[in-house]
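Q: Going down the list, the sequences are from chains A and B.
In short: position in the first sequence from 1, add 39, done, that's the numbering used here.
In short: position in the second sequence from 1, add 12, done, that's the numbering used here.
Please keep in mind that the hints were generated in silico from the structure rather than gathered at the bench.
Where a beta carbon is used, it is the ideal one built from N, C-alpha and C, also for glycine.
Among the hints, a few may not be true.
In silico contact screen, one side only, chain A against chain B (beta carbon under 8 Å); selected entries [stated by the list, open to error]: (1) 117; (2) 122; (3) 128; (4) 172; (5) 173; (6) 176; (7) 177; (8) 179; (9) 186; (10) 211.
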Amino acid sequence: MTVTGKCAGKTGKNCLKAYCRSAVMSLSDCFYAIKNSGTVVALEIGNEDKAREGFTVNWIDNVLNGHTTALKMQSGRAELLAGNVANSDTPGFKARDIDFKTEFERRLSGSTSGLNITNSKHLGMDTSMNSQILYRVPQSFKENGNTVEGEAEQAAFTKNAIQYQASIQFLSSKIRGMKLALKGE
Amino acid sequence: MSLMNVFGVSHSALTAQSGRLNLIAENLANAEVQSGDPETAYKGQYPLFRSVLQAQQGDGTGMGVKLEGTVEDTRPARSSYEPGNPLADDEGFVYLSNVNSVQEMANMMQATRSYQTNVEMMNTAKQLLMRTLTLGQ
Chain A
40 MTVTGKCAGK TGKNCLKAYC RSAVMSLSDC FYAIKNSGTV VALEIGNEDK AREGFTVNWI
100 DNVLNGHTTA LKMQSGRAEL LAGNVANSDT PGFKARDIDF KTEFERRLSG STSGLNITNS
160 KHLGMDTSMN SQILYRVPQS FKENGNTVEG EAEQAAFTKN AIQYQASIQF LSSKIRGMKL
220 ALKGE
Chain B
13 MSLMNVFGVS HSALTAQSGR LNLIAENLAN AEVQSGDPET AYKGQYPLFR SVLQAQQGDG
73 TGMGVKLEGT VEDTRPARSS YEPGNPLADD EGFVYLSNVN SVQEMANMMQ ATRSYQTNVE
133 MMNTAKQLLM RTLTLGQ
């Protein structure tokens with residue numbers, strides 16, 4: 040990778056800073072990215088510790104990433120579904136849910152609703168689950184405008200709970216595996 | 013931790029449903045109360061639910077429920093011809109409440125089921141949190 044192309048005339052540390060700024064990443068992420076792409080710029084200018092730190096943090100993140108994301112989403116979804124059940128007798132209440140697959144993929148790819156931050160002047164998108172909530176299409180209509188179907192919501196909640204337990208199980212195994220690797224016994 | 017918010021949401025539902033059960037009990041207790049005037053006869057009370065956003069930590073998405081108030085049953089009071097009754101009016105009628113006991117019983121069952129479902133939700137959330145606490149062990 041040629042950093043010089045990115046920082047137009049700057050050299051050494053300044054070049055790296057300029058590059059990281061243009062890449063809109065945190066400094067440690069940036070060092071890691073540079074290191075990963077096969078360059079030694081970060082090491083040359085005396086940032087070995089930074090690079091290593093970034094590497095370690097990213098490594099653990101990478102190992103656990105999918106499951107922690109899933110866990111966060113599942114607990115958020117549990118809250119949403121609990122709200123649906125709680126409001127099963129509220130006139131006019133519309134049952135809400137998220138499209139788990141789409142949202143999960145979006146989070147893993149790190150994109151924000153298809154809009155990526157390519158310039159430091161871009162405003163961040165609302166990446167919380169609030170912006171991803173959809174309304175459920177009911178199978179039957181009630182006269183009071185409520186679209187909660189108790190059984191369906193309960194089934195979804197239970198399913199979500201089981202998926203949450205599965206994520207926990209996977210995470211537990213990962214952590215145990217890492218512990219085993221670290222101990223070396 | 014959004015799972016914590018499940019407790020808040022379900023708790024609001026428990027409060028609302030027990031309030032509803034209170035109203036049903038009141039209606040059933042007063043179902044046979046007699047009065048000499050249709051205006052003063054007991055009128056059935058019905059709960060009025062409204063969903064409220066639980067203002068909790070983080071980006072709370074949980075919609076709780078609140079028993080906002082009660083509405084009165086507008087159906088006319090039931091009348092019964094009992095000339096011997098000291099409460100009877102000039103024409104010999106006494107007036108009973110407009111509560112339909114069968115309907116109230118059905119309502120009660122619905123409220124009970126809702127209550128149970130929400131308790132179940134809390135239990136599940138508790139189990140999930142307990143599992144989370146033992147993560148990595």
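Q: Would the hint on residue 186/A stand, with a C-beta cut-off of 8 Å toward chain B?
A: Result: violated, 12 Å to nearest chain B Cβ.
Q: How about residue 177/A: closest beta carbon in chain B under 8 Å, or not?
A: For residue 177/A, the interface hint is violated, since the closest Cβ of chain B sits about 16 Å away, which is over 8 Å.
Q: For the hint on residue 176/A, just tell me whether its beta-carbon gets within less than 8 Å of chain B.
A: violated (18 Å)
Q: Return the status of the interface hint for residue 179/A: holds when the least beta-carbon distance to chain B is below 8 Å, violated otherwise.
A: Violated: closest Cβ of chain B sits about 17 Å from residue 179/A, beyond 8 Å.
Q: Is the interface hint satisfied for residue 172/A? The criterion is a beta-carbon contact with chain B at less than 8 Å.
A: holds (6 Å)
Q: Would the hint on residue 128/A stand, with a C-beta cut-off of 8 Å toward chain B?
A: Since chain B brings a Cβ to about 6 Å from residue 128/A, closer than 8 Å, the hint holds.
Q: Is the shortest C-beta separation between residue 173/A and chain B less than 8 Å?
A: Status violated, d = 12 Å.
Q: May I ask you to test the interface hint for residue 122/A with respect to chain B, counting a Cβ-Cβ separation under 8 Å as satisfied?
A: Because about 4 Å separates residue 122/A from the closest Cβ in chain B, which is inside the 8 Å limit, the hint holds.
Q: Would the hint on residue 117/A stand, with a C-beta cut-off of 8 Å toward chain B?
A: Since chain B brings a Cβ to about 5 Å from residue 117/A, closer than 8 Å, the hint holds.
Q: With a cut-off of 8 Å, does the beta carbon of residue 211/A approach a beta carbon of chain B closely enough for the hint to hold?
A: Holds: closest Cβ of chain B sits about 6 Å from residue 211/A, inside 8 Å.
Checked against the numbered hints above, the structure breaks hints 5, 6, 7, 8 and 9 and satisfies the rest.
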